[in-house]
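Novice: Below are the chains, spelled out letter by letter.
There are 2 protein chains.
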Amino acid sequence: MEEWTVEVEHCKSPKEKPKTEELEFGRIFTDHMLVIDYTEPVGWHDARIIPYQPLTIDPSAMVFHYGQSVFEGLKAYYTPDGDIQLFRPEKNLERMNRSNDRLCIPQIDESHVLKAIKQLVHMEKDWVPTAEGTSLYIRPFIISTEPFIGVAPAHHYKLIVILSPVGAYYKEGINPVKIAVENTFVRAVKGGTGEAKTGGNYASSLKAQELCAKQGFTQVLWLDGVEKKYIEEVGSMNVFFKIDGEIVTPSLNGSILEGVTRNSVIQLLKHWQLPVTEKRISMEELYQAHMDGTLEEAFGTGTAAVISPIGQLSWEGKDLHINNGKTGKVAKALYETLTGIQYGKEKDPFNWIEKVTETETIPVK
Amino acid sequence: MEEWTVEVEHCKSPKEKPKTEELEFGRIFTDHMLVIDYTEPVGWHDARIIPYQPLTIDPSAMVFHYGQSVFEGLKAYYTPDGDIQLFRPEKNLERMNRSNDRLCIPQIDESHVLKAIKQLVHMEKDWVPTAEGTSLYIRPFIISTEPFIGVAPAHHYKLIVILSPVGAYYKEGINPVKIAVENTFVRAVKGGTGEAKTGGNYASSLKAQELCAKQGFTQVLWLDGVEKKYIEEVGSMNVFFKIDGEIVTPSLNGSILEGVTRNSVIQLLKHWQLPVTEKRISMEELYQAHMDGTLEEAFGTGTAAVISPIGQLSWEGKDLHINNGKTGKVAKALYETLTGIQYGKEKDPFNWIEKVTETETIPVK
Numbered sequence: 001m002e003e004w005t006v007e008v009e010h011c012k013s014p015k016e017k018p019k020t021e022e023l024e025f026g027r028i029f030t031d032h033m034l035v036i037d038y039t040e041p042v043g044w045h046d047a048r049i050i051p052y053q054p055l056t057i058d059p060s061a062m063v064f065h066y067g068q069s070v071f072e073g074l075k076a077y078y079t080p081d082g083d084i085q086l087f088r089p090e091k092n093l094e095r096m097n098r099s100n101d102r103l104c105i106p107q108i109d110e111s112h113v114l115k116a117i118k119q120l121v122h123m124e125k126d127w128v129p130t131a132e133g134t135s136l137y138i139r140p141f142i143i144s145t146e147p148f149i150g151v152a153p154a155h156h157y158k159l160i161v162i163l164s165p166v167g168a169y170y171k172e173g174i175n176p177v178k179i180a181v182e183n184t185f186v187r188a189v190k191g192g193t194g195e196a197k198t199g200g201n202y203a204s205s206l207k208a209q210e211l212c213a214k215q216g217f218t219q220v221l222w223l224d225g226v227e228k229k230y231i232e233e234v235g236s237m238n239v240f241f242k243i244d245g246e247i248v249t250p251s252l253n254g255s256i257l258e259g260v261t262r263n264s265v266i267q268l269l270k271h272w273q274l275p276v277t278e279k280r281i282s283m284e285e286l287y288q289a290h291m292d293g294t295l296e297e298a299f300g301t302g303t304a305a306v307i308s309p310i311g312q313l314s315w316e317g318k319d320l321h322i323n324n325g326k327t328g329k330v331a332k333a334l335y336e337t338l339t340g341i342q343y344g345k346e347k348d349p350f351n352w353i354e355k356v357t358e359t360e361t362i363p364v365k
Numbered sequence: 001m002e003e004w005t006v007e008v009e010h011c012k013s014p015k016e017k018p019k020t021e022e023l024e025f026g027r028i029f030t031d032h033m034l035v036i037d038y039t040e041p042v043g044w045h046d047a048r049i050i051p052y053q054p055l056t057i058d059p060s061a062m063v064f065h066y067g068q069s070v071f072e073g074l075k076a077y078y079t080p081d082g083d084i085q086l087f088r089p090e091k092n093l094e095r096m097n098r099s100n101d102r103l104c105i106p107q108i109d110e111s112h113v114l115k116a117i118k119q120l121v122h123m124e125k126d127w128v129p130t131a132e133g134t135s136l137y138i139r140p141f142i143i144s145t146e147p148f149i150g151v152a153p154a155h156h157y158k159l160i161v162i163l164s165p166v167g168a169y170y171k172e173g174i175n176p177v178k179i180a181v182e183n184t185f186v187r188a189v190k191g192g193t194g195e196a197k198t199g200g201n202y203a204s205s206l207k208a209q210e211l212c213a214k215q216g217f218t219q220v221l222w223l224d225g226v227e228k229k230y231i232e233e234v235g236s237m238n239v240f241f242k243i244d245g246e247i248v249t250p251s252l253n254g255s256i257l258e259g260v261t262r263n264s265v266i267q268l269l270k271h272w273q274l275p276v277t278e279k280r281i282s283m284e285e286l287y288q289a290h291m292d293g294t295l296e297e298a299f300g301t302g303t304a305a306v307i308s309p310i311g312q313l314s315w316e317g318k319d320l321h322i323n324n325g326k327t328g329k330v331a332k333a334l335y336e337t338l339t340g341i342q343y344g345k346e347k348d349p350f351n352w353i354e355k356v357t358e359t360e361t362i363p364v365k
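Top line first, the protein sequences correspond to chains A and B.
Residues 1 to 365 in full-length UniProt numbering are what the first sequence spells out, letter by letter.
Residues 1 to 365 in full-length UniProt numbering are what the second sequence spells out, letter by letter.
The reader is advised that the hints may include incorrect statements.
What the hints assert, rightly or not - Short derived list, chain A residues pointing at chain B, Cβ under 10 Å:
1. Trp4
2. Arg27
3. Gln53
4. Tyr78
5. Thr79
6. Leu103
7. Thr337
What the hints assert, rightly or not - One side only, chain A facing chain B, incomplete, derived with CB under 8 Å:
8. Pro54
9. Thr134
10. Ser251
11. Arg280
Stated by the list, open to error - DSS-like cross-link-like pairs, simulated, lysine-lysine; straight-line CA separation at most 30 Å:
12. A:Lys190 x B:Lys332
13. A:Lys190 x B:Lys318
14. A:Lys279 x B:Lys228
Calculated from the structure, these hints are not laboratory results.
Cβ coordinates follow ideal geometry from the N, Cα and C atoms, glycine included.
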C-alpha cells in the first residue's frame with residue numbers, strides 16, 4: 001500500500017453516553033468502529049471508521065464453523081490533565097501477530113493498525129469515562145469471513161475494533177477473590193493454542209468456570225494438562241505468588257498466555273529491586289509453602305482487572321486462606337503503581353504510555 | 001412449547017443448480033436455510049425456514065470473541081429409486097447435545113431439530129445431486145449471539161442449518177493418501193474439548209495442516225498431547241489399522257471425537273465377524289508392526305470422506321508404505337458397504353437409514 005489512510009463515515013445519531021453507575025464490563029459500545037478487510041491477493045485494505053453497526057456475514061463464513069479468530073484487549077484512560085492515553089498498545093499488536101501466526105491468519109501491519117486505533121479512540125474521546133477505575137476498553141479482533149465449509153485457512157478476513165466504556169471487571173474490585181484449583185478440565189497444553197489469544201481457549205474454559213461459580217468461586221486456577229501438577233493461569237489472568245519474600249510466576253512454557261500486565265508486573269518488581277522469578281511451580285509446592293506459613297500473597301494479573309488478589313485457594317478439599325483473606329502489600333503496590341501510570345497520576349519511567357492526540361492521527365479522506 | 005411448527009418463507013429467485021463437474025466441497029449453498037433462536041427464559045423458539053441469506057450479527061456477539069460454538073456434519077443421499085435419505089442423523093444430534101454440554105450451550109430437542117432438518121432437505125430435494133459419490137452435505141451449527149464482551153456462557157444463540165451439494169472431499173477419492181505423524185502440535189488433550197465438535201479444535205489444527213501440506217502430505221496423524229506416543233485421530237477423521245488380521249482403532253479416551261462413521265465401521269466389522277478392538281495404540285507399536293510386516297491396512301473414517309485409505313505414513317524421518325500404497329481389502333469392503341447403504345443400493349440390516357418424505361415433515365404455518 002502506497003499511502004495508509006482511514007476513511008471516516010460519521011454516525012448520524014450518536015447514542016446517549018452511560019452514567020458512571022451504569023458502567024459494567026462489555027455491555028455498552030460507542031458510536032463508531034474500525035473495520036479493515038483482508039482478501040487475497042490484495043492483503044489488508046480498505047481501513048474505515050464507520051458507525052457502530054451489525055456485521056452482515058454469510059452463514060457459511062469460516063469463523064462460525066472452524067473458529068479461526070484472534071482478539072486483543074487494551075484500554076484507553078482519562079488523565080487528570082484531560083488527556084487520553086493508552087498503556088503499551090504495541091505489546092497487544094505484537095501479540096496479535098503471534099496469535100495470527102498460530103491461527104494461520106495473515107500478519108497485520110502493527111503500526112498502521114495502532115494508528116487507526118488511536119484515530120478511532122480520538123474520535124470517541126467523549127466516550128472515555130472519567131470516574132475512578134473506569135476506562136474505555138478497546139477490543140480489536142480478526143475473524144475469517146470466507147464463505148466455505150472446509151478445514152483450511154481462510155482467504156478473507158475482517159479486522160474490527162470496537163470500544164466499550166467499562167467499570168470494574170470483578171464486582172469485588174481490588175478485594176480478594178476465592179479461586180478453585182481445577183482438577184478435571186484443562187485450559188491448554190503445549191502444542192495447542194494456549195499461547196494465542198483465540199476464541200477456542202475461552203470457549204473451552206466456560207464449563208470449568210460455570211461449575212466453580214456454582215460452588216461460590218470467582219475463577220479457577222488452571223493446572224498443566226499433562227501432569228495436572230503445575231500451575232498455569234487463573235481464569236483469564238496470569239498468576240503470581242509471594243513465597244518467603246520471593247515473588248514467583250509460572251514461566252512461559254508454551255501453554256500460558258503472555259500477558260501484557262504480567263510482563264509489566266515483572267518489570268516493575270525488578271525496578272523496585274524485589275526478587276521475582278519465572279519458574280515451574282507445582283500445586284504441591286504451593287500447598288507446602290502455605291503449611292509452612294511462607295505463602296504470603298497470591299494475585300492474578302490482566303488488562304481487565306489489572307491486579308486481582310486471591311484470598312482463598314481451594315485444592316483437593318483443602319482451603320488455603322492467604323494473607324488472612326486481605327490484599328497483600330505487593331499486590332496493593334502493584335495495583336496503585338500500574339493504575340497510577342495508566343491514569344497519568346504517576347511517573348512513567350518505562351515509556352509505557354502513548355498519548356492519543358489529534359496530531360498523531362492519520363489523514364482522513 | 002405446545003406445538004412444534006416451522007414457519008416457511010420461500011425464496012423468490014432460486015439459484016441455478018451446479019453441474020456435476022462443478023461440485024466441490026462446501027462452496028455452493030442451496031436456496032433455503034433453517035434458523036432456530038434461543039433466548040432466556042423462552043428457550044429454543046421461532047423455528048423457520050427462510051431464503052439463504054447473510055446473518056446480521058452485532059460485532060460484539062460472543063461467538064466472534066470467545067468461540068462458543070458447535071457444529072455437526074451429515075449428508076442426504078439420492079437413491080436409485082429417486083428417494084432421498086439420511087444416514088443415522090439421530091447420532092449427529094445426540095453428539096451435538098454432548099458438544100453443547102461441554103460448551104455450556106443449552107440442550108436442543110433432538111427430535112424437533114431432526115424433523116425440521118428433514119423438512120428443509122425435503123424442500124431442497126432438487127438440490128440433492130444424483131451422480132455417483134455426490135450428496136447434499138447438511139451443516140447444522142450453533143453460535144452464541146449475545147452482544148457481550150465477557151467470558152461467560154451466552155444467553156442468546158442461533159441454531160442454523162445450511163445445505164451444500166458436494167462432490168468428493170479429497171480429490172484423491174478412495175485412493176490412498178499420504179499422512180505425516182505430527183510431533184509438534186497437539187489437537188486436544190483429556191479435560192479439553194477434543195470430544196466436542198467445536199470450532200476451536202479445528203482452528204487449532206490449521207497450523208499443523210498447513211505445514212504438512214507444504215511437505216506434500218494430505219493430513220496429519222495426531223498423537224496424544226500428554227506423552228506424544230499414542231495415536232488419536234487423522235486430520236479430521238478417526239483412524240483404523242489392520243495389524244496381523246486384527247482391526248484396531250484408538251479407544252475413546254476423552255480427547256478423541258466419537259465419529260458416527262467410526263461407530264458404524266465397528267458395528268459393520270462385528271457384523272462381518274471380523275476381530276475389531278478399541279484400544280490404546282502407540283506409534284512405536286505401529287512402527288514395529290510395519291517392520292514385522294503385520295501392518296496390513298490403515299484408513300481414516302469420517303462423514304465427509306467416508307473411508308480414506310492411508311498409503312504412506314511418515315514418522316520421525318521414517319516412511320511407512322502401507323499395503324504397497326494401495327487400498328486394502330477391508331477399507332474397500334467398508335467403503336462399498338457403507339456407501340451402498342447410504343445410497344440405498346445395499347440392504348440396511350442396522351436400521352441406519354431415515355427416508356426424507358413429504359408426509360414425515362411437520363405442519364407449516
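Novice: Leucine 103 of chain A was flagged as interface toward chain B. Is the shortest Cβ-Cβ separation under 10 Å?
Specialist: Holds, about 6 Å.
Novice: When the nearest CB of chain B is found for threonine 79 of chain A, is that gap smaller than 10 Å?
Specialist: For threonine 79 of chain A, the interface hint is violated, since the closest Cβ of chain B sits about 24 Å away, which is over 10 Å.
Novice: Return the status of the interface hint for threonine 134 of chain A: holds when the least beta-carbon distance to chain B is below 8 Å, violated otherwise.
Specialist: violated, 15 Å
Novice: Given the proposed pairing of lysine 190 of chain A with lysine 318 of chain B, does the C-alpha separation stay at or below 30 Å?
Specialist: Roughly 24 Å separates the two Cα atoms, so the pair holds.
Novice: Checking hints one by one. Is threonine 337 of chain A an interface residue toward chain B, by the C-beta closer than 10 Å rule?
Specialist: Threonine 337 of chain A check fails; min Cβ-Cβ to chain B is 26 Å, beyond 10 Å.
Novice: Let me know if the C-beta of tyrosine 78 of chain A comes in closer than 10 Å to any C-beta of chain B, holds or violated.
Specialist: At about 20 Å, which exceeds the 10 Å cut-off, the nearest Cβ of chain B leaves the hint on tyrosine 78 of chain A violated.
Novice: Given the hint that lysine 279 of chain A pairs with lysine 228 of chain B, does the C-alpha gap stay at or below 30 Å?
Specialist: Within the cut-off at roughly 23 Å; holds.
Novice: Hint check: is the beta carbon of arginine 27 of chain A less than 10 Å from a beta carbon of chain B?
Specialist: Cβ of arginine 27 of chain A sits 6 Å from chain B, so the hint holds.
Novice: Can you confirm whether the C-alpha distance between lysine 190 of chain A and lysine 332 of chain B stays at or below 30 Å?
Specialist: Measuring from Cα to Cα gives roughly 37 Å; hence the hint is violated.
Novice: Go through the hint on serine 251 of chain A and say holds or violated, using the shortest Cβ distance to chain B against 8 Å.
Specialist: violated, 19 Å
Novice: Should the hint that glutamine 53 of chain A touches chain B count as held when the rule is a Cβ pair under 10 Å?
Specialist: holds, 8 Å
Novice: For the hint on tryptophan 4 of chain A, does the least C-beta distance to chain B fall short of 10 Å?
Specialist: It is violated, given that the least Cβ distance between tryptophan 4 of chain A and chain B is near 22 Å, above 10 Å.
Hints 1, 4, 5, 7, 9, 10, 11, 12 from the earlier list are contradicted by this structure; the remaining hints agree with it.
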